[in-house]
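Engineer: Chain by chain, the residues:
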Amino acid sequence: MMLSIMRRTSFGRDPGLQARMLLTIFLLGAVYVVFVAVLFAATHSAALIILVAGGLFLFQLFASDKIALAAAGAREVSPADAPELHAMIERLCLQADLPKPRVAIAQTPMPNAFAMGRSQKHATVCATTGIMELLSPSELEGVMAHELSHVINRDVMIMTIASFFASVASMILNFGFLFGGGGWGDDDEEGGGFLPVILVSLMVYVISFFLMQALSRYREFAADRGAAILTSRPSALASALLKISGTMERIPSQDLRTAEGLNAFFIIPAKTKQSIAGFFSTHPPVEQRIARLQRLEQQLQGTIGAAA
Amino acid sequence: MGFLDALLGRRKVAGPAKSDRLFAISTAYVTLQTSFDIRSRGVAGLVFQPLSTGDFAQIVRDMEEIVRSTGEETGTDLETRDDEFGYRWMVLRDPDVEDLVVGVNAVSEALQSGGYGDRLLAAVFAFEDANGKPLYFIYNYKRGWWYPFVPAPGAQQRSVERELQLKAQIGGELPIEPELERWFPLWGVPI
Numbered sequence: 006m007m008l009s010i011m012r013r014t015s016f017g018r019d020p021g022l023q024a025r026m027l028l029t030i031f032l033l034g035a036v037y038v039v040f041v042a043v044l045f046a047a048t049h050s051a052a053l054i055i056l057v058a059g060g061l062f063l064f065q066l067f068a069s070d071k072i073a074l075a076a077a078g079a080r081e082v083s084p085a086d087a088p089e090l091h092a093m094i095e096r097l098c099l100q101a102d103l104p105k106p107r108v109a110i111a112q113t114p115m116p117n118a119f120a121m122g123r124s125q126k127h128a129t130v131c132a133t134t135g136i137m138e139l140l141s142p143s144e145l146e147g148v149m150a151h152e153l154s155h156v157i158n159r160d161v162m163i164m165t166i167a168s169f170f171a172s173v174a175s176m177i178l179n180f181g182f183l184f185g186g187g188g189w190g191d192d193d194e195e196g197g198g199f200l201p202v203i204l205v206s207l208m209v210y211v212i213s214f215f216l217m218q219a220l221s222r223y224r225e226f227a228a229d230r231g232a233a234i235l236t237s238r239p240s241a242l243a244s245a246l247l248k249i250s251g252t253m254e255r256i257p258s259q260d261l262r263t264a265e266g267l268n269a270f271f272i273i274p275a276k277t278k279q280s281i282a283g284f285f286s287t288h289p290p291v292e293q294r295i296a297r298l299q300r301l302e303q304q305l306q307g308t309i310g311a312a313a
Numbered sequence: 019m020g021f022l023d024a025l026l027g028r029r030k031v032a033g034p035a036k037s038d039r040l041f042a043i044s045t046a047y048v049t050l051q052t053s054f055d056i057r058s059r060g061v062a063g064l065v066f067q068p069l070s071t072g073d074f075a076q077i078v079r080d081m082e083e084i085v086r087s088t089g090e091e092t093g094t095d096l097e098t099r100d101d102e103f104g105y106r107w108m109v110l111r112d113p114d115v116e117d118l119v120v121g122v123n124a125v126s127e128a129l130q131s132g133g134y135g136d137r138l139l140a141a142v143f144a145f146e147d148a149n150g151k152p153l154y155f156i157y158n159y160k161r162g163w164w165y166p167f168v169p170a171p172g173a174q175q176r177s178v179e180r181e182l183q184l185k186a187q188i189g190g191e192l193p194i195e196p197e198l199e200r201w202f203p204l205w206g207v208p209i
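Going down the list, the sequences are from chains A and B.
Residue numbering for the first sequence is 6 to 313, as defined by my numbering.
Residue numbering for the second sequence is 19 to 209, as defined by my numbering.
There could be a bad hint or two in this list.
With a cut-off of at most 20 Å between alpha-carbon atoms, the simulated SDA-like pairs for lysine to any residue come out as follows [what the hints assert, rightly or not]:
id	chain 1	residue 1	chain 2	residue 2
1	B	K151	A	S141
2	A	K105	A	H127
3	B	K151	A	S143
4	A	K71	A	I163
5	A	K71	A	R107
6	B	K151	B	P208
The hints are simulated quantities; they were obtained by calculation from the structure and are not laboratory data.
Turn these sequences into a full structure, and let the hints steer you where they fit.
Structural biologist: This is the structure:
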């Protein structure tokens, strides 16, 4: 059949996602350029501010993984401690052509997993004991592939850089009067006074906050996609996401016959879609992620074209 | 349920959905068979809530007779079972999926014309993949949608991954329930 001959790559590309990501990065950059220009025009201490922020930035880049691991109560495990998890990650790294990251486990019943580290060589992936108990091996593999995709895409680095000027703006908002030399526009010798800088910082902070949330959501989609391509099992990751988000609340385990009194027998109006809440979150809603993974599964099964 | 029903605490048991998508399974089965190597186990079940009223018992008897008489032509075999949930199963056996659909439809039509359409829960069709593992497609009468159900080893475990794969495979032809929280399992299906 045509189907089997044509299947050289199982998954199509997603130009829409790339375009939105680029646009967000561009807008973020534009906001930051304006911000730095205003900063230098308005105050002589701009260089000092950026220097201090730069120090903090480097500290964040080099120490954030250790801080995050410590905060999560995670501890690095050797292949002898967790042979299955190590073997799973090794296979995925082979598949992804990636140096093997450090592997950590956090002792908590909360199902979660995350990736840390500034580069591919300094990466740590962490899973909680909760997620390892909750998920089947193929589902856990999907989640670990998602985290490894974050490593491949250098998401920690990109999000830290993206947040650099946003943290400068927030520093100015917090300690602005210190940098401004105590003046609230009583003498304009420094060129313009400091009030405008505070206002601009506030605006930069707010705008870049939303842009960064959007960027983070796009990178989640990209990592889902990466995981699906790595494992070629989009539905396993979808199943894992369904389990993690309100365990079994979505695909029920309650029997149709016992659910009779609840809602199997009654047509309840469909839930209203969440709209504004989606604006504030770093992760896209699970429904959207499932829908995209379903598209990938359809491409894999050949029921829709890979170009779509 | 409408706003007034909610306000006044009225509850009506919903009848079968207006748009009947039961027959979609017979065309979908062709694709399942040719593209995905999924075969029918030659058995389907209709699950409903039996009532203790006299006319209901009569309707069920008539219904069985109808299916038995049509079954003599098509070769469909029929048996009745009660399960531990207190529901009654009409189990139909026929190697031809199309005959199964016709049989299931005859039973549900008989119940509906007797005025008991609201007691109809679901129709279940049993299939198996190339490895002989069972998988089911369930038709929810109240919703008028189909959804896959794949039991996994272990007590009351299901393979959501496989179910989502099936949705991706056949969703274009079989109208699949869009709300995942309504993919209710049927543990211990007697077919």
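Engineer: Between B:K151 and B:P208, is the straight-line Cα distance small enough, at 20 Å or below?
Structural biologist: holds (15 Å)
Engineer: Is the Cα-Cα distance between B:K151 and A:S143 20 Å or less?
Structural biologist: holds (18 Å)
Engineer: Can you confirm whether the C-alpha distance between A:K105 and A:H127 stays at or below 20 Å?
Structural biologist: OK: A:K105 and A:H127 at ~10 Å, within 20 Å.
Engineer: Holds or violated: A:K71 and A:R107, Cα atoms, limit 20 Å.
Structural biologist: holds (12 Å)
Engineer: Is it true that the CA of B:K151 sits at most 20 Å from the CA of A:S141?
Structural biologist: Roughly 18 Å separates the two Cα atoms, so the pair holds.
Engineer: Would the hint linking A:K71 and A:I163 be met if the CA-CA limit is 20 Å?
Structural biologist: holds (18 Å)
Checked against the numbered hints listed earlier, the structure breaks none of them; every hint is satisfied.
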